[in-house]
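**Student:** Given the sequences, and given the hints that come with them, work out the whole structure.
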Amino acid sequence: MAQADGGRVQALLRSEDKVLRRWVEAAETPLRGRLTTGELERTCSDLLAVLGEAVAGGGLDVTSAAYAGARGFLAELSRDWARRGFSPSETASAVFALKDALFAAADEDGEGGESGGDLATVLESSRWVDALGLVTFESFARAREQVISEQAEQLLELTTPVVKLWEGVVAVPLIGTLDSARTQIVMEKLLQTLVDTGSEHAIIDITGVPAVDTEVAQHLLKTVVAARLMGAECTISGIRPQIAQTIVMLGIEFGDITTKSTLADALLHAMRGTGVEVVRRRTGSR
Amino acid sequence: MTTSTGVEELPIRTGDDVVRVRQLVRARAQEVRLSLVDQTKLVTAASELARNTLVHGGSGTATVETLTRDGRSGIRAVFADEGPGIPDVDQALTPGWTSGSGLGLGLSGARKLVDEFAIDTAVGRGTTVTVVKWTR
Ligand SMILES: Nc1ncnc2c1ncn2[C@@H]1O[C@H](COP(=O)(O)OP(=O)(O)O)[C@@H](O)[C@H]1O
Ligand SMILES: [Mg+2]
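From first to last, the protein sequence lines stand for chains A and B.
Counted from 1, the first sequence has number 23 at position 23 by the numbering used here; the numbering is strictly sequential.
Adding 286 to a residue's 1-based position in the second sequence gives its number in the numbering used here.
Some hints here could point you the wrong way.
[As the list claims (entries may be wrong)] Straight line, CA to CA, 30 angstroms or less: simulated DSSO-like cross-link-like pairs of lysine-lysine:
| id | chain 1 | residue 1 | chain 2 | residue 2 |
| --- | --- | --- | --- | --- |
| 1 | A | K18 | A | K99 |
| 2 | A | K222 | B | K398 |
| 3 | B | K398 | A | K260 |
[To be verified] Cβ-Cβ distance ranges computed for the label pairs, FRET-style:
| id | chain 1 | residue 1 | chain 2 | residue 2 | range |
| --- | --- | --- | --- | --- | --- |
| 4 | B | T300 | A | T262 | 52 to 58 angstroms |
| 5 | B | R411 | A | T29 | 52 to 58 angstroms |
| 6 | B | R319 | A | E76 | 47 to 53 angstroms |
| 7 | B | G344 | A | G255 | 44 to 50 angstroms |
| 8 | B | G382 | A | T274 | 34 to 40 angstroms |
[Unchecked claim] Partner residues aside, some chain A positions facing chain B, computed with beta carbon under 8 angstroms:
| id | residue |
| --- | --- |
| 9 | S180 |
| 10 | T207 |
| 11 | A211 |
| 12 | A217 |
| 13 | Q218 |
| 14 | I239 |
| 15 | Q242 |
| 16 | G251 |
Treat the hints as calculated values from the structure; they're not laboratory data.
Where is the CB? At the ideal position from N, CA and C, for every residue including glycine.
**Tutor:** See below:
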């Protein structure tokens, strides 16, 4: 029997124009302002076309090979919407709005119509749209994760500025949880800045770092060695008491690396190294 | 008697997961009011062990829970993988010994940073490291 293979849904989809119009109407509300009506119409119309083909070939089984095109379309759509900042519920609502259109079509079709216009039709189309909704949701979630991790990467670049503190002195203040990737990026950037600016002093300030484990320490040590090979001196500043204790217990040796308790001390040390003395002007003199 | 509450399990499959484990352990350590120094010690130990789970074990899980015993609170963290296991635990616990390119100070260091430390490992079956840090 054709019915079980999606015959009812297929029959409903046959009145394409009506379904499309209702779908766009129902989807517009949750998506208000996100898309122009024209764009929404085009999207729904293209989607209806691929869905029509899919139902014809694979019935209601959205996992079947006949749905490859439809799944691809939904994945592409989710990615696009995730990138444009649509919320999960906005995206899901837009797909679920197809139910409204199908139910209305079934209702109109009535008892004698092709679709049967009965409870079975409503159930069938409801399940089918739910399955499509899940496909959409999965790819949406995946796309969002990707967007978030891309943003995190961009943020990473932004939040690790290498700054010039004085002629010949550059510094990088490390802030927050350091993972290996981030430490690596920061350290590479620092070395590059040393080259670009021809500085002979680098300060790595770790005041904002809540914990230093052996991996982070290893990156720090490697950077100091690399800086030395480039003829620059590296100072580590802002090692807080709890971190100093932990580093000692881990057995990490900073050897002959200069450490200073504050960034200010480290700057002073570096300036002295470049031959600059800082003296306080006596007030009231001359 | 020791009671346990709020068991949370996190996967360790990527470097980001290691960061998440560290953040969870810190949040739980703050909850039971571990001192700042003890928080830092526990978080650092967790960081080492989670990274070992990822790097040496391939992948695994971290389970974190809050303990209470005789009016003291503590945090237990369990790092489990089904990786290659550790053939010689004494060697692995020797400061500076590494089978890879690390500093070889993570496992031995983690043991010093916590109050209780246990390794259960078998070659070919995997490794489970359990640590506990108590409030003073
Ligand atoms: N979960 C694990 N699975 C297998 N081997 C491990 C695991 N944890 C630690 N090891 C072994 O113990 C050694 C020492 O670990 P560690 O002190 O953390 O040093 P590192 O990680 O720098 O090599 C590792 O090099 C590895 O051979
Ligand atoms: Mg290690």
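**Student:** Give a verdict on every hint.
**Tutor:** Evaluated hints:
{"no.": "1", "hint": "A:K18 <-> A:K99", "in the structure": "holds (13 angstroms)"}
{"no.": "2", "hint": "A:K222 <-> B:K398", "in the structure": "holds (25 angstroms)"}
{"no.": "3", "hint": "B:K398 <-> A:K260", "in the structure": "holds (26 angstroms)"}
{"no.": "4", "hint": "B:T300 <-> A:T262: 52 to 58 angstroms", "in the structure": "violated (35 angstroms)"}
{"no.": "5", "hint": "B:R411 <-> A:T29: 52 to 58 angstroms", "in the structure": "holds (56 angstroms)"}
{"no.": "6", "hint": "B:R319 <-> A:E76: 47 to 53 angstroms", "in the structure": "holds (50 angstroms)"}
{"no.": "7", "hint": "B:G344 <-> A:G255: 44 to 50 angstroms", "in the structure": "violated (33 angstroms)"}
{"no.": "8", "hint": "B:G382 <-> A:T274: 34 to 40 angstroms", "in the structure": "holds (37 angstroms)"}
{"no.": "9", "hint": "S180", "in the structure": "holds (6 angstroms)"}
{"no.": "10", "hint": "T207", "in the structure": "violated (14 angstroms)"}
{"no.": "11", "hint": "A211", "in the structure": "holds (5 angstroms)"}
{"no.": "12", "hint": "A217", "in the structure": "holds (7 angstroms)"}
{"no.": "13", "hint": "Q218", "in the structure": "holds (5 angstroms)"}
{"no.": "14", "hint": "I239", "in the structure": "violated (12 angstroms)"}
{"no.": "15", "hint": "Q242", "in the structure": "holds (4 angstroms)"}
{"no.": "16", "hint": "G251", "in the structure": "holds (5 angstroms)"}
When the structure is compared with the earlier hints, violations turn up for hints 4, 7, 10, 14 and for no others.
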